[in-house]
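Full structure from sequences and hints, please.
From first to last, the protein sequence lines stand for chains A and B. Heads up: the first sequence begins at 1 in the numbering used here, then just goes up one per residue. Heads up: the second sequence begins at 276 in the numbering used here, then just goes up one per residue.
What the hints contain is simulated information worked out from the structure, not anything from laboratory work. Be aware that one or more of the hints could be misleading.
In the DSS-like style, the derived pairs of lysine-lysine whose C-alpha atoms are separated by at most 30 Å in a straight line are [claimed, not checked]: (1) B:K491 with B:K402; (2) A:K168 with A:K179; (3) A:K179 with A:K86; (4) B:K278 with A:K86; (5) B:K313 with B:K278; (6) A:K168 with B:K278; (7) A:K86 with A:K168; (8) A:K179 with B:K278.
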Amino acid sequence: VSFLAPAVFFFVLMTIVPVVMMVWLSFHESNLITTRYVGLSNYVRMFTDKRLLGSLVNTLLYTAIIAPAITALCVGVALVVHSLPKHWQQPARLVIYAPMMTAGVVISGAWRWIFSPREGLANWLLSLVGAQPVVWFSTRLTSIPTISFIHTITYVGGMAIIVTAALKAVGTDVLDAAKIDGASQGRIVRSIYLPSIAPTVALVFLMASMGAMQIFEWIYMLAQVDGAITVMYSIYHEGFLYAHQGMASAQSVMLVVVVGLMAFAQRRFQTWQSI
Amino acid sequence: VAKYLIFAVIAIVVLFPMYWMVSGSFMDTRGIMAMPPKFIPTDPTLDNYRSILRTVRTDGSLILSVVNTVIVAAITIGLQMFACFTAGYVFALYEFRGKALLFWLFIMAMSVGRYQLIIPQYVLIAKLGLSDTLLGAALPFVFSPMAVFFFRNYLRAIPSGIVDGARMDGAGEMRILTRVLMPMCRPVFGVVSLFCGLAVVSDYIWPALVLQSANKHTVYVEVISRMRDAQRFITEGSPKIGLGLAGGTLLLIPMVAIFLLTSRYLIDGINTGGVKG
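What follows is the structure, encoded as structure tokens:
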């Protein structure tokens with residue numbers, strides 16, 4: 001049992017201790033040099049300060065767009081991949097998973113170019129239909145849908161792979177019976193596939209929400225504007241650029257609690273005896 | 276036939292940003308700024324790559340950053356293998372008080388995102404006097420509940436007769452661990468160190484915060500901060516956009532290579548990780 005010591009040591013050092021520090025800091029005003037007890041005022045400011053509240057609203061908007069979008073699209077993508085012949089499926093999975101490898105900081109160079117204010121691909125497409133060019137990463141109205149689009153494209157494939165695994169598990173006997181009864185492809189999808197993958201779809205929805213709530217790199221690389229920033233970006237900004245570590249910790253506490261509750265719900269969907 | 280077509284559309288959409296970056300890296304600024312956009316570089320140029328090569332030759336910092344990255348990855352992988360293998364061993368073969376609680380804590384720790392604890396972790400690293408050290412850049416990645424579970428699952432599947440037999444032959448705990456079980460876990464060591472290495476190498480924010488001196492930068496910190504500098508001028512039509520895209524492409528190549536070589540494990544990992552937990 002003493003062999004457990006190294007793991008517990010690192011776990012306590014980099015997870016437990018930071019969690020305790022985070023909670024403690026959230027009731028203080030701190031900038032690494034001086035620290036002052038301020039009670040709940042960080043938590044109050046989080047919901048009253050215009051910028052901080054804005055980041056919270058933005059995060060909820062991202063989640064409201066991204067979670068349904070990823071869920072719906074990944075089921076569609078998974079059904080398409082599943083309908084391909086067997087020897088096509090593995091390469092197909094590779095292709096749709098590939099964007100996850102490049103997530104974040106590296107690929108944002110390409111996105112920045114695509115959504116550049118003047119010469120980007122997105123504005124060129126708009127000009128084809130005669131619309132005026134748009135400064136994509138400026139106001140809430142354009143930046144939130146744009147970032148949601150980028151995030152969805154990046155992660156939809158990874159989620160679809162989870163769904164294809166669930167589709168594979170659907171019993172062939174049920175499918176054969178349906179085919180013998182002359183059920184159409186649409187009917188099979190609606191009456192057999194969708195009900196049997198429902199738990200997985202719920203799981204994917206939760207995972208997509210958790211991912212959306214923690215969006216950070218897109219903002220950091222592409223859109224550091226008030227109309228686009230998320231809570232996670234705000235934590236970084238408050239903590240490292242303003243040296244408001246108490247405030248940033250209060251926001252972190254909120255995020256950890258919300259995401260933690262969702263993770264808890266996710267675990268209940270899953271069977272843990274397998275690990 | 277329709278399904279092939281639909282899949283082709285999906286593939287093009289998800290792979291498009293990667294293609295766009297690679298194709299842009301072979302264009303000069305006029306090509307990048309051209310309207311309508313060029314979907315294929317019409318007169319491809321290697322200027323962006325030449326200019327990066329020149330930087331590598333004249334300025335040692337890129338090579339130094341590769342060395343730093345290797346050191347950080349080696350520290351992290353070494354410590355993680357040691358801590359998580361031993362923990363997986365205990366979880367797989369022993370019963371002890373508090374096992375269920377610890378197990379639950381580890382599971383909950385898996386849901387904590389990469390940056391959620393970034394503020395207290397930073398404060399802690401500063402208090403420990405590890406700011407601006409490669410060890411400080413490595414520490415948050417060392418403990419991985421995922422790695423503990425990988426080792427535990429693998430060790431649990433080993434027939435108990437093997438361990439009992441070794442014990443009967445008079446082998447001590449340490450000997451069983453290093454001579455019997457460690458060689459058997461070789462594939463797990465491979466997969467776990469790969470995941471760990473990828474996470475460490477491809478992170479930007481944490482090392483950028485911790486490693487302030489230029490001579491301690493990792494590759495991502497070095498390249499991305501240059502990319503950001505270059506791209507900041509994108510609206511003014513600075514000649515450096517292509518440089519940023521070329522830098523990104525160079526970072527992409529090792530990732531894609533590792534991905535293709537290990538895709539079988541990766542996809543299996545997601546399948547079991549996603550559905551069974």
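Mind listing which of the numbered hints don't hold for this structure, in increasing order? No hint contradicted; all consistent.
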